[in-house]
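Engineer: Taken in sequence, the protein lines are chains H and D. Oh and the first sequence: position 315 is 396 in this note's numbering, straight run, nothing missing. Oh and the second sequence: position 190 is 195 in this note's numbering, straight run, nothing missing.
Be aware that a few hints might be false.
Unchecked claim - Below, a sample of chain D positions facing chain H; criterion: calculated Cβ distance under 7 Å:
(1) E121
(2) V144
(3) A148
(4) N158
(5) I174
(6) A178
Said to hold, decoys possible - Residues of chain H placed beyond 10 Å of chain D at every Cβ, according to the derived structure:
(7) D170
(8) L248
(9) R291
(10) V342
(11) Q390
(12) S395
(13) E398
(14) S406
(15) S474
(16) R477
Derived from the structure by calculation, the hints contain no laboratory data. Backbone N, C-alpha and C define an ideal beta-carbon position, used for all residues, glycine too.
The residues making up each chain are set out below.
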Amino acid sequence: MSSADDPSAHSATRRKVEAGLARRRLRERLFKGFGLAATAVGILFLCVFVYTLVAQGASAFRQTELQLDVHFDRDVLAPDGELDLEYADFDAIPRDALRAMFPDVTSRGDRRELNRLISIAAGFQIRDMLVDDPSLLGETRTVRVPAAANVDMLVKGHIDRALDEALRPVSDRQVQWIEALQANGRIEQHFNTALFTNGDSREPELAGIRGALMGSLYMLLVTVVLAFPIGVAAAIYLEEFAPRSRWSDLIEVNINNLAAVPSIVFGLLGLAVFINWMALPRSAPLVGGLVLSLLTLPVIIIASRAAIQSVPPSIREAALGLGASRMQVVFHHVLPLALPGMLTGTIIGMSRALGESAPLLMIGMVAFIVDVPGGFTDPATALPVQIYLWADSPERAFAERTSAAILVLLGFLLVMNLAAVIIRKRMERKW
Amino acid sequence: MTMPGMSEAEVTHAQQAPTDVEPERPSAPPPRRAAPHGERQHVRVSGLSDETVGDIHCDNPFMVARNVNVHYGENHAIQDVSLDIGKEQVIALIGPSGCGKSTFLRCLNRMNDSIESARVTGSISLDGQDIYSRDLDPVALRARVGMVFQKPNPFPKSIYDNVAYGPRIHGLAADRAELDDIVHTSLERAGLLQEVKDRLDEPGTGLSGGQQQRLCIARTIAVNPEVILMDEPCSALDPIATARIEDLMDELSRDYAIVIVTHSMQQAARVSRRVAYFHLGRLVEVDDTDRIFTNPQHKLTEDYITGRIG
Numbered sequence: 082m083s084s085a086d087d088p089s090a091h092s093a094t095r096r097k098v099e100a101g102l103a104r105r106r107l108r109e110r111l112f113k114g115f116g117l118a119a120t121a122v123g124i125l126f127l128c129v130f131v132y133t134l135v136a137q138g139a140s141a142f143r144q145t146e147l148q149l150d151v152h153f154d155r156d157v158l159a160p161d162g163e164l165d166l167e168y169a170d171f172d173a174i175p176r177d178a179l180r181a182m183f184p185d186v187t188s189r190g191d192r193r194e195l196n197r198l199i200s201i202a203a204g205f206q207i208r209d210m211l212v213d214d215p216s217l218l219g220e221t222r223t224v225r226v227p228a229a230a231n232v233d234m235l236v237k238g239h240i241d242r243a244l245d246e247a248l249r250p251v252s253d254r255q256v257q258w259i260e261a262l263q264a265n266g267r268i269e270q271h272f273n274t275a276l277f278t279n280g281d282s283r284e285p286e287l288a289g290i291r292g293a294l295m296g297s298l299y300m301l302l303v304t305v306v307l308a309f310p311i312g313v314a315a316a317i318y319l320e321e322f323a324p325r326s327r328w329s330d331l332i333e334v335n336i337n338n339l340a341a342v343p344s345i346v347f348g349l350l351g352l353a354v355f356i357n358w359m360a361l362p363r364s365a366p367l368v369g370g371l372v373l374s375l376l377t378l379p380v381i382i383i384a385s386r387a388a389i390q391s392v393p394p395s396i397r398e399a400a401l402g403l404g405a406s407r408m409q410v411v412f413h414h415v416l417p418l419a420l421p422g423m424l425t426g427t428i429i430g431m432s433r434a435l436g437e438s439a440p441l442l443m444i445g446m447v448a449f450i451v452d453v454p455g456g457f458t459d460p461a462t463a464l465p466v467q468i469y470l471w472a473d474s475p476e477r478a479f480a481e482r483t484s485a486a487i488l489v490l491l492g493f494l495l496v497m498n499l500a501a502v503i504i505r506k507r508m509e510r511k512w
Numbered sequence: 006m007t008m009p010g011m012s013e014a015e016v017t018h019a020q021q022a023p024t025d026v027e028p029e030r031p032s033a034p035p036p037r038r039a040a041p042h043g044e045r046q047h048v049r050v051s052g053l054s055d056e057t058v059g060d061i062h063c064d065n066p067f068m069v070a071r072n073v074n075v076h077y078g079e080n081h082a083i084q085d086v087s088l089d090i091g092k093e094q095v096i097a098l099i100g101p102s103g104c105g106k107s108t109f110l111r112c113l114n115r116m117n118d119s120i121e122s123a124r125v126t127g128s129i130s131l132d133g134q135d136i137y138s139r140d141l142d143p144v145a146l147r148a149r150v151g152m153v154f155q156k157p158n159p160f161p162k163s164i165y166d167n168v169a170y171g172p173r174i175h176g177l178a179a180d181r182a183e184l185d186d187i188v189h190t191s192l193e194r195a196g197l198l199q200e201v202k203d204r205l206d207e208p209g210t211g212l213s214g215g216q217q218q219r220l221c222i223a224r225t226i227a228v229n230p231e232v233i234l235m236d237e238p239c240s241a242l243d244p245i246a247t248a249r250i251e252d253l254m255d256e257l258s259r260d261y262a263i264v265i266v267t268h269s270m271q272q273a274a275r276v277s278r279r280v281a282y283f284h285l286g287r288l289v290e291v292d293d294t295d296r297i298f299t300n301p302q303h304k305l306t307e308d309y310i311t312g313r314i315g
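All chains, please: the whole structure from these sequences, using the hints.
Structural biologist: Following this line, the structure appears as structure tokens:
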């Protein structure tokens, strides 16, 4: 009391406060600076990451094509008068068209080298055209066929022309031909639709991510259909109905631990239980989805429990006080308020599942699969596994496809998260 | 695993308690009124020094609590409380913080059930029926004993849905028109209809604090309960909103038994007919409001209402 009444005590207090003020401000500025620096470093790394991906992967979205005047030669395709779709030499048609442009190429070796400019996809393309329109037989058309991967790389500048011939996959003669074709306007770049419509292939210009994309999609469908309802139901039971006991504590500790178990362990479990014991097919999105469900369940349960806990108890009491049963309290009040949080947890879990590759290696989804899967039990790979497979391939053209696949994976993630944000915004309610 | 044993104990209590009290009641009230205080109002509860002073009985008892004990784990929150709650009157429970008045209130509609460590023994009956008996569903009980909470807690739904929620879950309305009718009547009785009748589809959480609390009262009376429990219903409200709620209580007390927990002695004096003073888990004194505030019998009661405790 006495010190508060004493004016000199007041001024002493003020002096002390002011003396400390500079230090407090300094600390505040330091902390702000530290936070800003941390954010800046994060953004910088993100930019570097995205920039390298785009720089390396952007060219994969374009494919070099050769414009050829193709003659659907009756003598080549149907020497017996009848077109045999199984055995006809479709590959010869674009080759002949290319050779016609270089009449001076005569020796067998040179012709072979010239033929290598064309992708093997060209023959299939000719066949498909004839199947679509049999009247083309005997006609001549200007057709764009995909160039071989090495031509593609050279045109895109990924192969150094100044390098010694022995050190690059394209010979000097081939470079001359390509330059001649470019001068004639016979080489063009177009949007690479094959990347999105094809499955995997040994030929880079034929390889696409559709198989992996569909595999991932099927897997995530299985995962979300299994993990979301089971996870939410488990969280509701543990939070709202389970009696607190040593058992519930034990379950809680175990769930928290499961969230941190290395994913390859889940893969081994899936191999042992789903494939060896339950005899489900290998490499199937169904098994992948089951394994990823196990992987994401703990994440969903933990997030859902946190969301349920964050519902204010006053809402629960209000409903109970009106005579709502426990189930009515949960389904009428707690669940609608907790759902946005549960969805956030689910999306985090699904994002992790989408990017997971280790458990898929254990259940055979690392296989080289050309066909696009048409169902949950067809053999398939997933996007991250496809990225791993392509990154492992020696051809230069696969390097840019790896980056392109990563970009597609990121796009997939972005769409998923965006959908979650929109759904959450719609459901969010204030209290 | 302790649950079955515990509820058995409750049942035996429940069977014994009424026989202890009931026979003497019909003849008891008149002489009690006449007799001097010191002799008649001591109802021995535990048989020792902790006796409730005043008169725990009332003329027209609707809820009867006898020897109620509440434990929260090791903590003995309520000790041997016996109290009658009359029809068509307001009884106020007062006392310093932590004295057990809210705990006792929450026993009356079994809201303590949701607290896992809470253990309630003794007997509480509603209109002669033991509310802790095993064949009574707390859901049915809470439809008869409504509750208004300290903090206004409307659901994050529209005003209409807030009031309609109780009737909906209990199936009180046969069709939409009847439900509309219940909602309108309830809002009207809660004195809120004029203010919100044009915006029934707006969220109840958008109302002011006082309006929200009246919405909660409307929500409670929409179920048409017999008893309304109010746990410090005005503590989060300004004086004007408080006055409105108090007027409302006065009006509602004609149809309902109202039990209100309050920290404001002025409020207790204004709205209640009887007052029960709790101290450290014991019911120290119960009497008519006038007598408690003008002539408290117990030293603790006197200390509290004169501002020396709490």
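Engineer: Run every hint past the structure and note whether it holds.
Structural biologist: Now the hints, each set against the structure:
Here the hint on E121(D) is kept, as its CB sits about 6 Å from the closest CB of chain H, short of 7 Å. With a cut of 7 Å, the hint placing V144(D) at the interface with chain H holds, because the nearest CB-to-CB distance is about 5 Å. Taking 7 Å as the C-beta contact cut-off toward chain H, the hint placing A148(D) at the interface holds, the least distance being around 4 Å. Hint status for N158(D): holds, given a least beta-carbon distance of 4 Å to chain H, under 7 Å.
Interface hint at I174(D): satisfied, since its Cβ lies 5 Å from the closest Cβ of chain H, which is below the 7 Å cut-off. Taking 7 Å as the C-beta contact cut-off toward chain H, the hint placing A178(D) at the interface is violated, the least distance being around 14 Å. The beta carbon of D170(H) sits about 73 Å from the closest Cβ of chain D, which is more than 10 Å, so the claim that it is off the interface holds. At roughly 70 Å from the closest C-beta of chain D, the C-beta of L248(H) stays outside 10 Å, upholding its exclusion from the interface.
No beta-carbon of chain D is positioned within 10 Å of the beta-carbon of R291(H); the least distance is around 44 Å. For V342(H), the shortest C-beta to C-beta distance to chain D comes to about 31 Å, beyond the 10 Å cut-off, and the non-interface label holds. Annotated as non-interface, Q390(H) keeps its C-beta farther than 10 Å from every C-beta of chain D; the closest such distance is 15 Å. The beta carbon of S395(H) is not kept farther than 10 Å from every beta carbon of chain D, the shortest such distance being approximately 4 Å.
Not every C-beta of chain D lies more than 10 Å from that of E398(H), the closest at about 6 Å, which undercuts listing it as non-interface. Distance check on S406(H): its Cβ comes as close as 5 Å (rounded) to a Cβ of chain D, failing to clear the 10 Å threshold; non-interface status is violated. With a cut of 10 Å on Cβ distances, S474(H) stays outside the contact zone with chain D, its closest approach being about 55 Å. The claim that R477(H) is not at the interface with chain D holds, since no C-beta of that chain comes within 10 Å of its own (minimum 58 Å).
The structure fails hints 6, 12, 13 and 14 (numbered hints given earlier, in ascending order).
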